[in-house]
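Asker: Residue-level listing of the chains:
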Amino acid sequence: MKQDHIDKIKEICKHFNNEGGELINVLHQTQHYIGYLPAEAQELIAKELHISVAQVYGVVSFYSFFTMIPKGEHPISVCMGTACYVRGAEKVLDEFKRLLNINVGETTPDGKFSLTALRCIGACGLAPVITVGEQVYGRLAPDDVQTILDQYKN
Amino acid sequence: MADYKYHILICGGTGCRASKSEQITETFKNVLAQKGLNNEVQVVVTGCFGFCEKGPIVKMLPDNTFYVEVKPEDCEEIVNEHLVKGRKVERLLYVDPENKQRVSDSKHMDFYKKQLRIALRNCGFIDPENIDEYIARDGYEALANVLEQNNPAEAIETVKKSGLRGRGGGGFPTGLKWEIASKNHADQKYMICNADEGDPGAFMDRSILEGDPHSLIEAMTIGGFCIGATKGLVYIRAEYPLAIKRLEIAIGQAKEYGLLGKNILGSGFDFDLELRYGAGAFVCGEETALIHSMEGLRGEPTFKPPFPAQEGYLKKPSNVNNVETFANIPVIFNKGWEWFASIGTEKSKGTKVFALAGQINNVGLIEVPMGITLREVVFEIGGGIKNGKKFKAVQTGGPSGGCLTEAFLDTPIDYDNLLAAGSMMGSGGMIVMDETSCMPAVARFYLDFTVEESCGKCTPCRVGNKRLCEILDKITEGKGTLEDLEILKNLSQVIKDTALCGLGQTSPNPILSTIDHFWDEYLAHVTDKKCPAGQCKAMKQYIIDTDNCIGCTACARGCPVGAITGEKKMPHTIKQELCIKCGACYAKCKFNAISIK
Chain F
-18 MKQDHIDKIK EICKHFNNEG GELINVLHQT QHYIGYLPAE AQELIAKELH
32 ISVAQVYGVV SFYSFFTMIP KGEHPISVCM GTACYVRGAE KVLDEFKRLL
82 NINVGETTPD GKFSLTALRC IGACGLAPVI TVGEQVYGRL APDDVQTILD
132 QYKN
Chain Z
-10 MADYKYHILI CGGTGCRASK SEQITETFKN VLAQKGLNNE VQVVVTGCFG
40 FCEKGPIVKM LPDNTFYVEV KPEDCEEIVN EHLVKGRKVE RLLYVDPENK
90 QRVSDSKHMD FYKKQLRIAL RNCGFIDPEN IDEYIARDGY EALANVLEQN
140 NPAEAIETVK KSGLRGRGGG GFPTGLKWEI ASKNHADQKY MICNADEGDP
190 GAFMDRSILE GDPHSLIEAM TIGGFCIGAT KGLVYIRAEY PLAIKRLEIA
240 IGQAKEYGLL GKNILGSGFD FDLELRYGAG AFVCGEETAL IHSMEGLRGE
290 PTFKPPFPAQ EGYLKKPSNV NNVETFANIP VIFNKGWEWF ASIGTEKSKG
340 TKVFALAGQI NNVGLIEVPM GITLREVVFE IGGGIKNGKK FKAVQTGGPS
390 GGCLTEAFLD TPIDYDNLLA AGSMMGSGGM IVMDETSCMP AVARFYLDFT
440 VEESCGKCTP CRVGNKRLCE ILDKITEGKG TLEDLEILKN LSQVIKDTAL
490 CGLGQTSPNP ILSTIDHFWD EYLAHVTDKK CPAGQCKAMK QYIIDTDNCI
540 GCTACARGCP VGAITGEKKM PHTIKQELCI KCGACYAKCK FNAISIK
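Just so you know, the sequences run in chain order F and Z. Residue numbers for the first sequence, in the numbering used here: -18 to 135. Residue numbers for the second sequence, in the numbering used here: -10 to 586.
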């Protein structure tokens, strides 16, 4: 792990008084900073908060928001909430899988795109909805997928 | 809203922001500045108006003109026509789908006519980032009165008499919950808000947090005073960045005004509010799981008793309510419990917010009095089914709920009637489905969700739901047997009876209710290997009608797996063993030569 990452993690832990009860807050900030939670980061956090690595890993693997795989440069999230589902989100997701040749939870080998399915972003009026980074795209059909990807490929 | 002559309200909810409402705000500000009107016209970014289907929404005050589907390039015209010349921009008004008339005032739109807004009273009216606007609409008056009267027991009595029940799903009487928590003595108690909205397809809590954060702060402070808690914690989804931002701003402003912190309004009562972040776990909606998550642990539920009111956060007495429940509290005090109790049905008082979505014309967030019928919601407020298709079912209660069919269209909606109909109120997701929805596939969708969200602590939920999901996979892939249907029913019942927490106990509901109401559809999948709704891929066949096919090769070129062969200008054929049933050929064919069987 890079030295600046180590320093930052220690700083985050200290900010939360090195308390085990603040684990989830520490993980949120660490993931925000590094982008994901590699094993070494979890070991360091366990040491700093005086809890077992098993407890840290247990929490990381429990919550869907935490990831141990680095996200792509353009993280794609397909909403699979019920409203999007009944308006055809699964077909949109399938098209992303096919064109990127990756599964949900994976990142393309060139690190450009990663694909996740999430539950309801609260934009049901635009169903089916996806986000690429912060940008939201709504009312999609499988045919639109290629066009969206092309915008980010350059 | 002081000296301005006009106000332009722009929806800043998530749906409208996704369709450029921020750009609209900027453009309005620029245009007004250019014309030197910025001292006469105020631009206000509000919370969600609810009518997401027609977003982005722009509302003009004082004349209440409601513009729909506004684009940034429309702003100049609105300023020139509406503000300068006093003429409405007709083309941006809502068109009534029935009589094709343009409607300018939202009060006359079917979508709003039958609504009664209590929890959402301020959403779409005030700037959520400005405490003065909340105060101008009677904000913090209820808190001031409760503190002045200094009688927690009487305040709890008011909530009890109002008949308010938990809006998060369970429907437990809120006043009673407060009373129990108030009677447990400890050096520290906690007032907790569950803002970890996880039901896919429900976003009312988000809208309240984004559109009216102060109502939550006021209600939690009142609750804290009633039960004797000096600390409040809001457990909020990390996936709701805008809600977090608005709540943080609101907490800062409340502190500045002396409405949070030490010695609130000179009463001697201290109350502080902190945020705790969720990390994406549906089971954390269960209060014991939520409390463990706040303690930095895996969000696994524990057996009750002890109830949180006895042993909650950090083993101290705690009270957990959800956002919508809290949003009702200030109004109950301001308008009196008698008023609140006069709305609704015998055992369900007040209103309920529903996220109306799915295959319906008017998608959006609605708040209606308890006791309204499904027919009124779907066909009047919702404007009926999209594309003139036939109504099939409404799913309520999310992954823990069930489907209601045509037979229930005239049943008054309240907690007890929904339970009796095999569904539940849940947090208020209301997904409308038309004839093209396949019910076994819908059940599989929910089970898939439960399997993913099961915390794994108890065997019935961890293993049982996985088995249920596998059986549904078999059925939707056309490999199911009659015996599978029997196993499905039995196993569902076992899981219902034996799972540890609410998530597990209710997880088979989507199966049981669809089996109840759509048994024929399950049978068709199993015995005829057919999906009547034409949704299940495995049972679909794309076939080229040789009479209509002119051999244009469009389908063959569009096929991603090369399953279509044929000479130019000669009828083509689809090799079924290669076909992945993506439907690309069907979409490409201009001669109606491809049919789905």
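What the hints contain is simulated information worked out from the structure, not anything from laboratory work. Check each hint, because a few of them may be wrong.
[As the list claims (entries may be wrong)] Simulated crosslink set (BS3-like; lysine-lysine; CA at most 25 Å straight-line):
#: 1; chain 1: Z; residue 1: Lys18; chain 2: Z; residue 2: Lys(-6)
#: 2; chain 1: Z; residue 1: Lys220; chain 2: Z; residue 2: Lys304
#: 3; chain 1: Z; residue 1: Lys463; chain 2: Z; residue 2: Lys478
#: 4; chain 1: F; residue 1: Lys78; chain 2: Z; residue 2: Lys455
#: 5; chain 1: Z; residue 1: Lys378; chain 2: Z; residue 2: Lys149
#: 6; chain 1: F; residue 1: Lys72; chain 2: Z; residue 2: Lys586
#: 7; chain 1: F; residue 1: Lys72; chain 2: Z; residue 2: Lys519
#: 8; chain 1: F; residue 1: Lys72; chain 2: Z; residue 2: Lys375
#: 9; chain 1: Z; residue 1: Lys378; chain 2: Z; residue 2: Lys463
#: 10; chain 1: Z; residue 1: Lys305; chain 2: Z; residue 2: Lys149
#: 11; chain 1: Z; residue 1: Lys577; chain 2: F; residue 2: Lys78
#: 12; chain 1: Z; residue 1: Lys(-6); chain 2: F; residue 2: Lys52
#: 13; chain 1: Z; residue 1: Lys18; chain 2: F; residue 2: Lys72
#: 14; chain 1: Z; residue 1: Lys519; chain 2: Z; residue 2: Lys463
#: 15; chain 1: F; residue 1: Lys72; chain 2: Z; residue 2: Lys336
#: 16; chain 1: Z; residue 1: Lys(-6); chain 2: F; residue 2: Lys72
#: 17; chain 1: F; residue 1: Lys78; chain 2: Z; residue 2: Lys529
#: 18; chain 1: Z; residue 1: Lys478; chain 2: F; residue 2: Lys72
#: 19; chain 1: F; residue 1: Lys78; chain 2: Z; residue 2: Lys564
#: 20; chain 1: Z; residue 1: Lys570; chain 2: Z; residue 2: Lys586
#: 21; chain 1: Z; residue 1: Lys518; chain 2: F; residue 2: Lys72
#: 22; chain 1: F; residue 1: Lys78; chain 2: Z; residue 2: Lys96
#: 23; chain 1: Z; residue 1: Lys579; chain 2: F; residue 2: Lys72
#: 24; chain 1: Z; residue 1: Lys324; chain 2: F; residue 2: Lys72
[As the list claims (entries may be wrong)] Now the in silico label distances, taken between C-beta atoms and shown as ranges:
#: 25; chain 1: Z; residue 1: Gly241; chain 2: F; residue 2: His(-14); range: 47 to 55 Å
#: 26; chain 1: F; residue 1: Asn84; chain 2: Z; residue 2: Val452; range: 20 to 28 Å
#: 27; chain 1: F; residue 1: Asn135; chain 2: Z; residue 2: Leu254; range: 53 to 61 Å
#: 28; chain 1: Z; residue 1: Leu105; chain 2: F; residue 2: Lys78; range: 42 to 50 Å
#: 29; chain 1: Z; residue 1: Asp486; chain 2: F; residue 2: Asn135; range: 20 to 28 Å
#: 30; chain 1: Z; residue 1: Arg451; chain 2: F; residue 2: His(-14); range: 33 to 41 Å
#: 31; chain 1: Z; residue 1: Glu65; chain 2: F; residue 2: Lys(-11); range: 18 to 26 Å
#: 32; chain 1: F; residue 1: Asn84; chain 2: Z; residue 2: His174; range: 51 to 59 Å
#: 33; chain 1: F; residue 1: Glu54; chain 2: Z; residue 2: Gly241; range: 33 to 41 Å
#: 34; chain 1: F; residue 1: Glu87; chain 2: Z; residue 2: Glu58; range: 53 to 61 Å
#: 35; chain 1: Z; residue 1: Leu165; chain 2: F; residue 2: Glu87; range: 42 to 50 Å
Remember, predicted model here, so these are calculated numbers, not experimental data. Glycine residues also receive a C-beta, built at the ideal position from the N, C-alpha and C atoms.
Asker: Taking the hints in turn, state whether each one holds.
Answerer: Do the hints match the structure? See the list:
{"no.": "1", "hint": "Z/Lys18 to Z/Lys(-6)", "result": "15 Å, holds"}
{"no.": "2", "hint": "Z/Lys220 to Z/Lys304", "result": "14 Å, holds"}
{"no.": "3", "hint": "Z/Lys463 to Z/Lys478", "result": "15 Å, holds"}
{"no.": "4", "hint": "F/Lys78 to Z/Lys455", "result": "24 Å, holds"}
{"no.": "5", "hint": "Z/Lys378 to Z/Lys149", "result": "44 Å, violated"}
{"no.": "6", "hint": "F/Lys72 to Z/Lys586", "result": "19 Å, holds"}
{"no.": "7", "hint": "F/Lys72 to Z/Lys519", "result": "20 Å, holds"}
{"no.": "8", "hint": "F/Lys72 to Z/Lys375", "result": "19 Å, holds"}
{"no.": "9", "hint": "Z/Lys378 to Z/Lys463", "result": "29 Å, violated"}
{"no.": "10", "hint": "Z/Lys305 to Z/Lys149", "result": "23 Å, holds"}
{"no.": "11", "hint": "Z/Lys577 to F/Lys78", "result": "21 Å, holds"}
{"no.": "12", "hint": "Z/Lys(-6) to F/Lys52", "result": "49 Å, violated"}
{"no.": "13", "hint": "Z/Lys18 to F/Lys72", "result": "40 Å, violated"}
{"no.": "14", "hint": "Z/Lys519 to Z/Lys463", "result": "13 Å, holds"}
{"no.": "15", "hint": "F/Lys72 to Z/Lys336", "result": "43 Å, violated"}
{"no.": "16", "hint": "Z/Lys(-6) to F/Lys72", "result": "49 Å, violated"}
{"no.": "17", "hint": "F/Lys78 to Z/Lys529", "result": "21 Å, holds"}
{"no.": "18", "hint": "Z/Lys478 to F/Lys72", "result": "29 Å, violated"}
{"no.": "19", "hint": "F/Lys78 to Z/Lys564", "result": "23 Å, holds"}
{"no.": "20", "hint": "Z/Lys570 to Z/Lys586", "result": "11 Å, holds"}
{"no.": "21", "hint": "Z/Lys518 to F/Lys72", "result": "22 Å, holds"}
{"no.": "22", "hint": "F/Lys78 to Z/Lys96", "result": "45 Å, violated"}
{"no.": "23", "hint": "Z/Lys579 to F/Lys72", "result": "22 Å, holds"}
{"no.": "24", "hint": "Z/Lys324 to F/Lys72", "result": "49 Å, violated"}
{"no.": "25", "hint": "Z/Gly241 to F/His(-14): 47 to 55 Å", "result": "31 Å, violated"}
{"no.": "26", "hint": "F/Asn84 to Z/Val452: 20 to 28 Å", "result": "24 Å, holds"}
{"no.": "27", "hint": "F/Asn135 to Z/Leu254: 53 to 61 Å", "result": "57 Å, holds"}
{"no.": "28", "hint": "Z/Leu105 to F/Lys78: 42 to 50 Å", "result": "44 Å, holds"}
{"no.": "29", "hint": "Z/Asp486 to F/Asn135: 20 to 28 Å", "result": "57 Å, violated"}
{"no.": "30", "hint": "Z/Arg451 to F/His(-14): 33 to 41 Å", "result": "35 Å, holds"}
{"no.": "31", "hint": "Z/Glu65 to F/Lys(-11): 18 to 26 Å", "result": "47 Å, violated"}
{"no.": "32", "hint": "F/Asn84 to Z/His174: 51 to 59 Å", "result": "54 Å, holds"}
{"no.": "33", "hint": "F/Glu54 to Z/Gly241: 33 to 41 Å", "result": "34 Å, holds"}
{"no.": "34", "hint": "F/Glu87 to Z/Glu58: 53 to 61 Å", "result": "37 Å, violated"}
{"no.": "35", "hint": "Z/Leu165 to F/Glu87: 42 to 50 Å", "result": "48 Å, holds"}
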